[in-house]
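Visitor: Model the full assembly from the supplied sequences, consistent with the hints where possible.
Protein chains in written order, with our numbering: chain W, 1 to 240; chain V, 1001 to 1534.
No lab work stands behind these hints: they were computed from the structure. Take these hints with a grain of salt, some might be off.
As the list claims (entries may be wrong) - DEER-style ranges, computed between Cβ atoms: (1) V:Ala1339 x W:Val71: 41 to 47 Å; (2) W:Leu140 x V:Ile1488: 19 to 25 Å; (3) W:Leu194 x V:Met1324: 45 to 51 Å; (4) W:Trp197 x V:Leu1129: 25 to 31 Å; (5) V:Phe1292 x W:Glu9: 44 to 50 Å.
Claimed, not checked - Derived list of chain V stretches under chain W, where covered just means 3 residues or more per stretch with a C-beta under 8 Å from a C-beta of chain W: (6) 1104 to 1110; (7) 1204 to 1214; (8) 1232 to 1238; (9) 1273 to 1282.
Glycine included, every Cβ here is placed at the ideal spot set by N, Cα and C.
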Amino acid sequence: MAAWKKLFENSTRLTLFIIRERLVMSHTQTTSGKHHFAHHFKDAHHEFDSCKVGMWLFLLQEVLFFAPLFVAYALFRSTHPEAFLEASHLLNWKLGAFNTAVLISSSFTMALGVNAAQRGLHKKTVKYLALTILFSVIFLVVKYFEYTHKIHAGLLPAGMFSHPVEHEKTPLFFSIYFMMTGLHGIHVLIGIGLIFWIMMRAKKEEFGPEYFTPVELVGLYWHFVDLVWIYLFPLLYLIR
Amino acid sequence: MYSDTATDQEEKNNYLNHSKGIKSWLTSLDHKRIGVMYLFSILIFFLIGGIFALIVRTELWGPTKTFIDANTYNQAFTYHGTIMTFMVILPLIPSAIGNIILPMQLGARDVAFPRLNLISYYVYMSGALLAVITLFVGRVDTGWTFYTPYSIRTGGATILVLAGAFLMGFAAILTALNFIVSVHKLRAPGLTWTKLPLFIWCLYATNIIQMLATPVIALTLMLLTFERLMGIGIFDATLGGDPVLFQHFFWFYSHPAVYIMILPAMGIINEVIPVFSRKNIFGYGGMAFAVFGIAIVSFVVWGHHMFTSGQSETANFIFSLITMFVAVPTGIKMFGWIATMYQGSVRLDTPMLYALSFLFVFLVGGLTGVFLATLPLNVHLTDTYFVVAHFHYTMVGGAIMAFLAGLHYWYPKFVGKMYLELPARIGCLITFVGFNTTFLPQFVMGIRGLPRRYYDYPPEFTQLNQVSTVGSFLIALGIFWTFLFLIISAYKGAKAPRNPWGANTLEWNTSSPPYYENFEKQPIVTRGPYEYHS
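Guide: So, in structure tokens, the structure goes:
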């Protein structure tokens, strides 16, 4: 019970923090401190702001990077709804739902980690980042079991598909499935690497109220990766 | 106008002699040095792409075989197209000239993320080398468009080229991101959005296109790679996929991409014409918003590449209509430039000569674009030499002419020496004449129905083809001449003052070549970029 209480307290504090820092005091971040900012910026806050704009732009191009797959999905689903229906039944929605929960939890611990870094709580930062890595590894392990099961069953991209199915276009669904979840999986892997990197830096107590840019940026990236999955899960697993 | 005196003190610490040795260049985070590295790398690829162009034109001297067989010919035009688009014209102005000029015009010390800038350069280089390496292992013959299903079935090292294009796209995205943040965050005090030089506006619009369109081609090329590796079937009709979907994805990027090539070119013309006319640009706001008009419309016209690919008639009609809208903002820009020159004190220095050549050839290129946007004409002209002539008029006539204008305009700033005026003008003349000799006949051949990319042609086209081939060698001569004298100028040229053209933008408010950190003290902007009076 105590753990839950703590979690609740933390999340309340996080919400209040977001309201205070992001909406009310968004432009008053402290500029003093030991962090040495690059020579072409006015001050540390100027640097932080620029980095954040850069990250948002990067996420914008990420959206466009995933876009063709979503377009291909929409095209083939609209022309062959029956094949997509059949194929979706061949996926295990329970595993998908479990993974969704895992990934959302990881986003939550990531947010707590960012918050801890902003407040200079080094140990907590490391703890929450480690938890985030744990969740993302669980996600990948489940994904691994899903993939191996499909490979054994012959549920593969269209060129190598060998599972008995009713509809001619069902294999195409699995091409899209593997491309989408594969690309997302690569993003998860990169994310784990990035989180590990900032965790190591947090261990060296590099972050505090005056400098937490990398944690913030990796956090944004991680939430994006999470968000992609939130679209993938219903689109792929929940066609009924 | 900024002061014109330079002291010895200033020369001691410029970006060229700040530190020495090849390593200090290769690991430099200075945007000017990275820009110079881009410039040299791109010019080397320009040379390679040019050689392939000459191979293609030489083969077309007569019908049937002249000196290479049909397969080699296919490879030659593929390499010409791939190298010239992905490695040369796309990064030429934004990554090379833009890298050097953009932060200086902003009054900043560097781009927002210098390290990312250097990473972009190496990502670009690894992509480019990956693509060039295929010359020795495997070769490709898909054409630069990689159309399916041929690109799935053909042999060769297509995957390497796809990976190379993927990496180069990634580099372009990172550069664009860097520039956008720089424009937002690093403007000098007083440099409001309405006081920004139009070159910055054009680069900004270009960067938005790069950010939003490039990821789409990156993923598409990745899908094509998987298509070749394991047959995912998304673009393969035999596996239930749709080859036309590939064309949609490809042109969703590649149509905006032609504006990635032309908008920065327009940016350079925007700088050159007011300076050499001694007049404020005509309709600053209109010129700036026209650029954005072009950028926005560029995203919704891709279907005009597929009028004959089995698109629905409704789609054809809509795409044709929207394509014609491109002519409106482009027209605004053309009239703006001409109105700027009107009653100005026009000086015909080399940059201005190139700018005038640009106006002429780009007018031809733009108007033939309207021809091609017209549905019934397009059905006749699609995939003929008319298309080839059209896009060379915009891409070579537009982008390369403007690049040369910019190169001569900023040469004193880059190198610290003046270029030799007379040889430069002669070079411009040769290039201009050669260019028109090469591509005007191709309009005629296209209207008479000669398809592009063919190895062989009926004998009645021999004469026109030969004129075109002579022209291509004239271009080569002009370019060679120009660069030869640019190199000579670096040694023999007179020492450049800070502001040889009496320009008003910030990059002239520092020594030539610029200081290591661009400015001795933070410049403050109090007036518009083209206000030459007072």
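Visitor: If a hint holds in the structure, say so; if it doesn't, say that too.
Guide: Okay, the hints, checked on the actual structure:
| no. | hint | in the structure |
| --- | --- | --- |
| 1 | V:Ala1339 x W:Val71: 41 to 47 Å | 42 Å, holds |
| 2 | W:Leu140 x V:Ile1488: 19 to 25 Å | 60 Å, violated |
| 3 | W:Leu194 x V:Met1324: 45 to 51 Å | 47 Å, holds |
| 4 | W:Trp197 x V:Leu1129: 25 to 31 Å | 28 Å, holds |
| 5 | V:Phe1292 x W:Glu9: 44 to 50 Å | 49 Å, holds |
| 6 | 1104 to 1110 | holds (count 3) |
| 7 | 1204 to 1214 | holds (count 4) |
| 8 | 1232 to 1238 | holds (count 4) |
| 9 | 1273 to 1282 | violated (count 0) |
In the structure shown, a violation is registered for the earlier hints numbered 2 and 9, in ascending order.
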